[in-house]
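Student: This is what each chain is made of:
Protein chains: 2
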Amino acid sequence: MSEQAHWPTAAEHDAGVHAAVAQLRDRVHVTPIMRSASLDRLLGCTALFKCEQLQRTGAFKYRGASNALASLPPGTTSVCTHSSGNHGAALAAAALALGIDAHIVMPENAVPTKVNAVRAYQGTVHFCAPTQQAREQAFAALQVQGHHAVPPYDDWRVIYGQATASVELIEQTDGLDMLLAPVGGGGLISGACLAVQAVQADIRVLAAEPEGAADAHASLLAGRRIVDQPVDTIADGLRATIGVRNFHVLQQQLESVLLVSDDEILQATERVWRHMKQLIEPSCATVVAAITRYPELFAGQRVGIILSGGNVDTSKLLAALR
Amino acid sequence: MSEQAHWPTAAEHDAGVHAAVAQLRDRVHVTPIMRSASLDRLLGCTALFKCEQLQRTGAFKYRGASNALASLPPGTTSVCTHSSGNHGAALAAAALALGIDAHIVMPENAVPTKVNAVRAYQGTVHFCAPTQQAREQAFAALQVQGHHAVPPYDDWRVIYGQATASVELIEQTDGLDMLLAPVGGGGLISGACLAVQAVQADIRVLAAEPEGAADAHASLLAGRRIVDQPVDTIADGLRATIGVRNFHVLQQQLESVLLVSDDEILQATERVWRHMKQLIEPSCATVVAAITRYPELFAGQRVGIILSGGNVDTSKLLAALR
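Going line by line, the protein sequences match chains A and B.
Everything in the first sequence is counted per numbering that gives the first Met the number 0, starting at 0 for the first residue and increasing by one.
Everything in the second sequence is counted per numbering that gives the first Met the number 0, starting at 0 for the first residue and increasing by one.
Note that these hints are calculated values from the structure, not bench results.
All C-beta atoms in this analysis are idealised placements derived from N, C-alpha and C, irrespective of residue type, glycine included.
Each hint should be verified, as a subset may be incorrect.
Said to hold, decoys possible - Cβ pair distances, simulated, as ranges:
| id | chain 1 | residue 1 | chain 2 | residue 2 | range |
| --- | --- | --- | --- | --- | --- |
| 1 | B | A318 | A | Q228 | 26 to 34 Å |
| 2 | A | P111 | B | N108 | 31 to 39 Å |
| 3 | B | S37 | A | P31 | 17 to 25 Å |
As the list claims (entries may be wrong) - Which chain B residues stay away from chain A? Per the calculated CB distances, all over 12 Å, these:
| id | residue |
| --- | --- |
| 4 | A14 |
| 5 | A18 |
| 6 | A58 |
| 7 | P106 |
| 8 | G299 |
Based on the sequences and whatever the hints tell you, model everything.
Tutor: Next comes the structure, spelled out in C-alpha cells:
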C-alpha cells in the first residue's frame, strides 16, 4: 500500500463515519455496555465496557467488513481479503448476508478453528505459504481474477465501519473522560479517533499495545511507520503492522500508546473472565492490562473501553476442564 | 431435615414469590436475556437465555440468599450455612451488603477458588472433614452458637428468592412455551415451578440433570426421595441431593427431568462459550445438553433457559492458553 499524497479532510472523515452509522443500522448488533463493581474497584476507575465480543462473528471486525460491502461498486459479485484471524470470518459472514462470494487467503499454519469459522460462513479459503510475500501474491492473484479487495484495516471504508463501535459507546454512556482500545493494524483505534471527532466529543483517546508487537508505539515515537519490528506476543489479533491510513490518523489524534507485557495481558484476561464471565481473547485484554499498569492515568476517570473480541480456542480451554 | 406434615398452600406460595420479587428489587441485578442465532440453528428452537452467570457473585444463588436475609428475625447479627460452592459466596456477599456476619462450613478439600470467593466477601470459613456427617455437625454447632441458619436450597425463603429469576425471565420474554433449568438440590427448578404458578403463565417446566447425579430423576420415578444415589459428574454444582421441600414442589408441577451425560455437558459448555462468549460452568450447560439430546421435545418451541452460573476455575482455563 503506497503512502497517500492526499488525505481526506476532517469534514470528509466526519461524513464517512456518519454514513457508516446509517449504513450499519440493522446490519450489526448494537452491543451492550457492561460494568463490573469488582473490576471498578480493582482498576480504580469507572470502567464502561463496550462488548464487541458479542458482535456478530465474535469481534468488532464485522462492522468494518459490513461497511465496506455496503458501498461496493455496482455489479460486484465477490470479494477477497487476506487474514489469519477475525477479519476473514467477518468478511465471509458479511458477504453471506448479502449473497455474494468471499475468498479469503489464509496461511497454511492458520489456527484450525479460524479456518473453520471462515468456512462456517461459506467463505472459500485459499491457503498460501506462511510468509508475507506468499500472502500478498495470493491476494493479488485473487484481485486479478476480479474479486473486489477488502483489506483488513488499511481502508477508509473499514476504518469508518470500526468507528461505529466508538460512536455507539459514546452514545450509550453518559459522558466519558477517556476512550481506550487495542491497537494492531489500527482499524479499531483509528476509528475511535475519527468517531470522537465526528460526534464532537471531548474525550481523550488512548491505545493499548503488546510489548511484543510494539510497532504503533515505535512508529509514533519515530514519526514514521516502523514496519520491521520483531513480533512475539500471545495477543495474536494484534500482531499486524500499523496501516498507512491508520498511522496517519493516530499521528494527528491519539494521545498515547500504552505498552503491556504478555504476563499483564494474561492476568487481565483472567480478571475479565472471572469478574465479568465474558470469554474475551487475550488481544482484547490489553486494555484492562493497560489500566492496571498505568493506574495514575485512569484514577477516578470514566473510561470507555472497547472489548474487541472473544474468539479464543474454546476446545483448548475445554480440555483444561476435563 | 424432616418431612413436613403441613405444606404451604398454593396461595401462600404465590404470596411468597411476589414478596420475594418486591424484596429483591434493587438488591439483585435484573440479568439480561441473550440470544444466539447460531445456537438457535444448532438447537432447532428459539432459545432465550436468562443470564444468571451475570448475577452478583456469578450465580442465581445470590437471589435466594438475599431473600432469606430480607426476612431475618429482628436482631439477627449473623448467619451460617454449609456449602462447597456458590451458595457460600452468595450468602457471604448478601450478608456483607446488610452489614452482618456470615459463617460458612466448607469441606477441607473445597476448591481453593471457592474458598477465596467466600473470603473475598468477608465470610468466615469453617473447615470440616469432607464427610456429610462432619459437615452437618459443624453446621449444627454454628447454629448452637446463635448464628441464624440459611440452608442452600431446602428452605422456602431461598426457593422463593430463586423463583424471581423465572419471574423476570417470563416478564422479559414475549410468551414462552417452555422453561428449562438445571436440578441439583432443586432450589432453582422448584422456584421456576412456583414462579410459573404465581404469574399464572401457561408454560411447561422441565429440568436437566446429570446422569451421574440423577437423584431427582430417580426420586420422581420412585415417588419418594432417593438419597443414596452414587454421585459422579463434572457438574459440581449439581451433586447435591434433592431437598424435601424442593421434591414436594417438583412432584406436583414438574413435567419431567431430562438426563444428560458428562460428555454431552462438556460439548454444550463449549458451544455456549464459542457461540455466546459467556463463560458458563458445566452445571449450567446441562440445559443446552438436554435440548441437544432430546430435540423432538423442543423443536420449534420458544424455550426460556436459565443459565445458572459462571463460576469456573479461570486460573485453570488460563493455563490452557499459555
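Student: Taking the hints in turn, state whether each one holds.
Tutor: Results for each hint:
Taking 26 to 34 Å as the suggested C-beta distance range, the pair A318 of chain B and Q228 of chain A conforms, at roughly 29 Å. Distance hint for P111 of chain A and N108 of chain B: a CB-CB separation of about 37 Å, consistent with the stated range 31 to 39 Å. Remark: the range hint 17 to 25 Å for S37 of chain B to P31 of chain A is upheld by a beta-carbon distance near 18 Å. With 12 Å as the threshold on Cβ separation, the claim that A14 of chain B sits away from chain A holds: the shortest Cβ distance comes to roughly 32 Å.
The claim that A18 of chain B is not at the interface with chain A holds, since no C-beta of that chain comes within 12 Å of its own (minimum 26 Å). For A58 of chain B, the shortest C-beta to C-beta distance to chain A comes to about 10 Å, within the 12 Å cut-off, and the non-interface label is violated. The beta carbon of P106 of chain B is kept farther than 12 Å from every beta carbon of chain A, the shortest such distance being approximately 21 Å. With a closest Cβ-Cβ approach of about 23 Å to chain A, G299 of chain B is found to remain outside the 12 Å limit, as its non-interface label requires.
The structure does not agree with numbered hint 6 stated previously, though it agrees with all others.
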